[in-house]
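Spelled out, the chains give:
There are 2 protein chains.
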Amino acid sequence: MRNGIQGFLKNRIVDLSDPFFYIGGNDSMDTIQKLSHYGNMTNSSIRFMGVPKTIDNDLAETDHTPGYGSAAKFIATVMKEIIKDANVYDRQNMHIVEIMGRNAGWLTASSVLSKGEDCIGPDLIYLPEKTFDIDSFLATVDNLRKEKQSIVIAVSEGIKLKDGRYVCELISNQSQFKDSFGHAALGGTAQFLSNTITNAFGFKARAIELNILQRCSSHMVSRVDITEAFVAGGHAVEAAFRGETGKMIIFNRITNNPYQCTTAPFDINKIANIEKKVPLEWITENGTYVSPEFQSYARPLIQAELSPIMVDGLPSHLYT
Amino acid sequence: MRNGIQGFLKNRIVDLSDPFFYIGGNDSMDTIQKLSHYGNMTNSSIRFMGVPKTIDNDLAETDHTPGYGSAAKFIATVMKEIIKDANVYDRQNMHIVEIMGRNAGWLTASSVLSKGEDCIGPDLIYLPEKTFDIDSFLATVDNLRKEKQSIVIAVSEGIKLKDGRYVCELISNQSQFKDSFGHAALGGTAQFLSNTITNAFGFKARAIELNILQRCSSHMVSRVDITEAFVAGGHAVEAAFRGETGKMIIFNRITNNPYQCTTAPFDINKIANIEKKVPLEWITENGTYVSPEFQSYARPLIQAELSPIMVDGLPSHLYT
Numbered sequence: 008m009r010n011g012i013q014g015f016l017k018n019r020i021v022d023l024s025d026p027f028f029y030i031g032g033n034d035s036m037d038t039i040q041k042l043s044h045y046g047n048m049t050n051s052s053i054r055f056m057g058v059p060k061t062i063d064n065d066l067a068e069t070d071h072t073p074g075y076g077s078a079a080k081f082i083a084t085v086m087k088e089i090i091k092d093a094n095v096y097d098r099q100n101m102h103i104v105e106i107m108g109r110n111a112g113w114l115t116a117s118s119v120l121s122k123g124e125d126c127i128g129p130d131l132i133y134l135p136e137k138t139f140d141i142d143s144f145l146a147t148v149d150n151l152r153k154e155k156q157s158i159v160i161a162v163s164e165g166i167k168l169k170d171g172r173y174v175c176e177l178i179s180n181q182s183q184f185k186d187s188f189g190h191a192a193l194g195g196t197a198q199f200l201s202n203t204i205t206n207a208f209g210f211k212a213r214a215i216e217l218n219i220l221q222r223c224s225s226h227m228v229s230r231v232d233i234t235e236a237f238v239a240g241g242h243a244v245e246a247a248f249r250g251e252t253g254k255m256i257i258f259n260r261i262t263n264n265p266y267q268c269t270t271a272p273f274d275i276n277k278i279a280n281i282e283k284k285v286p287l288e289w290i291t292e293n294g295t296y297v298s299p300e301f302q303s304y305a306r307p308l309i310q311a312e313l314s315p316i317m318v319d320g321l322p323s324h325l326y327t
Numbered sequence: 008m009r010n011g012i013q014g015f016l017k018n019r020i021v022d023l024s025d026p027f028f029y030i031g032g033n034d035s036m037d038t039i040q041k042l043s044h045y046g047n048m049t050n051s052s053i054r055f056m057g058v059p060k061t062i063d064n065d066l067a068e069t070d071h072t073p074g075y076g077s078a079a080k081f082i083a084t085v086m087k088e089i090i091k092d093a094n095v096y097d098r099q100n101m102h103i104v105e106i107m108g109r110n111a112g113w114l115t116a117s118s119v120l121s122k123g124e125d126c127i128g129p130d131l132i133y134l135p136e137k138t139f140d141i142d143s144f145l146a147t148v149d150n151l152r153k154e155k156q157s158i159v160i161a162v163s164e165g166i167k168l169k170d171g172r173y174v175c176e177l178i179s180n181q182s183q184f185k186d187s188f189g190h191a192a193l194g195g196t197a198q199f200l201s202n203t204i205t206n207a208f209g210f211k212a213r214a215i216e217l218n219i220l221q222r223c224s225s226h227m228v229s230r231v232d233i234t235e236a237f238v239a240g241g242h243a244v245e246a247a248f249r250g251e252t253g254k255m256i257i258f259n260r261i262t263n264n265p266y267q268c269t270t271a272p273f274d275i276n277k278i279a280n281i282e283k284k285v286p287l288e289w290i291t292e293n294g295t296y297v298s299p300e301f302q303s304y305a306r307p308l309i310q311a312e313l314s315p316i317m318v319d320g321l322p323s324h325l326y327t
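In order, the protein sequences belong to chains Z and Y. So the number in the numbering used here is just where the residue sits in the first sequence, counting from 1, plus 7. So the number in the numbering used here is just where the residue sits in the second sequence, counting from 1, plus 7.
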């Protein structure tokens with residue numbers, strides 16, 4: 008719920024026995040934790056329930072979060088298209104695709120799903136979980152240039168240097184704006200790497216920021232993901248009416264194949280303010296790719312479609 | 008045919024009575040003109056036929072070009088999604104969406120198709136056909152800021168100042184690379200305007216480059232467009248086998264509603280090296296929007312879908 012609590016309460020009389028649901032990611036779960044603590048202190052009858060929803064997939068204790076599967080599906084789809092496009096040129100070319108993820112590489116990792124019988128997948132994948140070293144990046148790129156006509160690299164916007172600075176902080180004229188939760192806005196990582204490659208090799212790499220398209224492209228969603236979003240919401244309502252409070256609904260995976268997941272309410276105190284990152288064992292030793300385990304984890308989440316209702320040539324949105 | 012003639016001929020014995028088809032945009036039609044002149048000079052029996060295919064929609068004499076409808080559909084789709092996304096925030100926000108088009112604004116203009124019952128459409132649309140003035144842009148933006156919570160602006164990468172320079176040339180560290188036809192690579196226009204707004208108002212506008220996604224997003228195509236691409240190709244083959252040469256297939260529109268078009272071979276000399284621009288009467292007097300006539304023209308071209316064949320969660324591509 009991006010409009011925040013003020014927005015929610017603005018035009019509304021709240022019955023103080025109402026359950027209160029907050030749908031979102033880490034910042035929203037921080038809010039649910041604070042509210043449920045306050046509720047406890049004041050013996051409030053309001054039940055505070057968190058409902059997970061973030062493309063970032065970085066909430067603790069849950070196998071994954073609604074939103075992630077659809078964003079991953081969009082990212083893998085356009086990654087396939089970018090790789091296909093890059094392959095039609097005679098001239099050697101390089102594309103650096105910047106994908107969201109401040110400290111967790113879940114979205115960037117999903118670019119690997121493009122790989123299959125009809126697509127070679129990105130050549131390199133850099134996540135924020137591993138320290139990024141510019142010299143070894145340049146050496147890796149230089150080797151690739153000698154082998155391949157067309158090179159596609161996926162990088163997380165949040166890749167960081169050994170000293171802890173984000174790579175995008177190296178951009179000289181980067182203005183540091185903060186979002187409504189006080190996080191510095193990232194961006195420009197791919198452009199910086201492209202400039203670095205040009206300076207090193209005189210070779211032009213094209214920087215592509217997927218930007219907000221990866222979070223708002225409702226025309227390409229995973230039906231598994233959308234279905235699970237409803238399940239999580241439904242379970243939150245059921246749990247709240249049963250009297251639970253200070254919980255978030257989590258997903259527990261039973262098996263990958265066939266994909267099976269259950270949901271359960273879980274103590275918000277063990278979830279709030281913890282960022283779940285991609286396990287290091289799912290990233291290759293040299294930090295330039297992800298493992299087959301990641302693919303087995305992510306592939307079920309992008310399955311099946313929910314085709315938009317098309318009106319006059321475009322997907323119809325329910326309200327303005 | 009982006010790989011060029013060399014690529015086409017590389018592994019192939021050419022029967023000199025074969026017809027020769029070149030599928031593409033302005034550069035390709037320039038090639039067909041040259042080849043057909045050479046064919047005439049040498050009394051060659053090869054028939055040289057151009058088949059239009061460019062998202063830029065800037066070929067002369069034809070009502071439109073295959074490729075444009077699908078790119079326009081993708082642009083209008085993501086524009087709706089960007090506008091929707093921008094509208095969920097409490098905080099005032101501004102997005103500047105940079106769309107391809109070096110000298111012709113067809114693609115950028117298609118952003119207006121997002122406008123409808125469920126979407127307000129972009130607030131401003133700037134095409135390269137009209138001179139861009141930074142001061143009046145800032146004044147317009149300043150007025151909008153006083154009225155609207157969420158502002159979305161579509162700009163062509165090719166907008167130009169009164170003195171003829173591209174706006175993106177004002178970027179201090181812009182490196183000037185050329186593509187394989189010797190055209191300077193554009194880009195960074197939205198980022199430049201975003202920085203200009205920040206400097207003027209201390210207000211952060213987010214720059215979004217649709218980048219190559221707008222030309223390669225095969226998961227969101229117009230069925231009208233794909234069908235017409237086959238029709239144009241078929242007509243070129245028919246005409247060549249009938250003995251025509253030095254021609255390109257053009258589309259002639261009969262009516263908008265119902266949409267009806269015919270195809271015909273047309274003298275390449277009247278097409279090659281002419282860029283068809285958006286008519287000035289389809290752009291508002293102040294240069295900040297497009298007219299309903301443009302919408303009537305473009306809307307039929309984005310109709311109907313050709314859903315991709317989905318395999319394991321992603322659109323399948325026919326070959327690697």
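Hints listed in this document are in silico derivations from the structure and should not be mistaken for laboratory results. Heads up, some of the hints might be wrong.
One copy or two, it doesn't matter: identical chains are merged, so the pair holds either way.
Said to hold, decoys possible - For lysine to aspartate or glutamate, the following EDC-like pairs were computed, each having C-alpha atoms within a straight-line distance of at most 20 Å:
1) K277 to D25
2) K91 to D25
3) K91 to E292
4) K137 to D125
5) K122 to D319
6) K211 to E251
7) K169 to E245
8) K153 to D97
9) K169 to D34
10) K211 to D149
11) K169 to D140
12) K283 to D149
13) K91 to D319
14) K60 to D97
15) K284 to D70
16) K277 to E292
17) K60 to D170
18) K169 to E312
Can you tell me if K169 and E312 fall within 20 Å by alpha carbon in one copy, between copies, both or neither? Answer is neither: 41 Å inside a copy and 48 Å across each miss the 20 Å cutoff.
Within a copy, between copies, both or neither: where do K60 and D170 come within 20 Å Cα-Cα? Intra 32 Å, inter 49 Å, cutoff 20 Å: neither.
Up to 20 Å CA-CA - D140 versus K169, copy category: within (7 Å within a copy, 44 Å between copies)
If the cutoff is 20 Å on CA atoms, where do K169 and D34 land: within, between, both or neither? Let me know, please. Neither: 27 Å inside a chain and 47 Å across chains, both beyond 20 Å.
Is it within, between, both, or neither for K211 and E251, if the alpha carbons may be no more than 20 Å apart? neither (57 Å within a copy, 41 Å between copies)
How do K153 and D97 come out at 20 Å by Cα distance, when the copy is not named: within, between, both, or neither? within (15 Å within a copy, 50 Å between copies)
Could you figure out if K137 and D125 sit no more than 20 Å apart (CA to CA) within one copy, between two copies, both or neither? Neither: 29 Å inside a chain and 43 Å across chains, both beyond 20 Å.
Intra- versus inter-copy proximity for D70 and K284 (alpha-carbon distance at most 20 Å): within (12 Å within a copy, 52 Å between copies)
Intra- versus inter-subunit Cα pairing at 20 Å for K91 with D25: Neither, since 52 Å and 29 Å both go past 20 Å.
If the cut is 20 Å between Cα atoms, do K91 and D319 qualify within a copy, between copies, both or neither? So K91 and D319 pass the 20 Å test across copies only (18 Å; inside, 29 Å).
Since the copies are identical, ignore which copy is meant and state whether K277 and E292 lie within 20 Å (CA to CA) inside a copy, between copies, both or neither. Intra 30 Å, inter 59 Å, cutoff 20 Å: neither.
Is it within a copy, between copies, both, or neither that the alpha carbon of K169 lies no farther than 20 Å from that of E245? Result: close neither inside a copy nor across copies, 46 Å intra and 63 Å inter.
Checked against the numbered hints above, the structure breaks hints 1, 2, 3, 4, 6, 7, 9, 12, 16, 17 and 18 and satisfies the rest.
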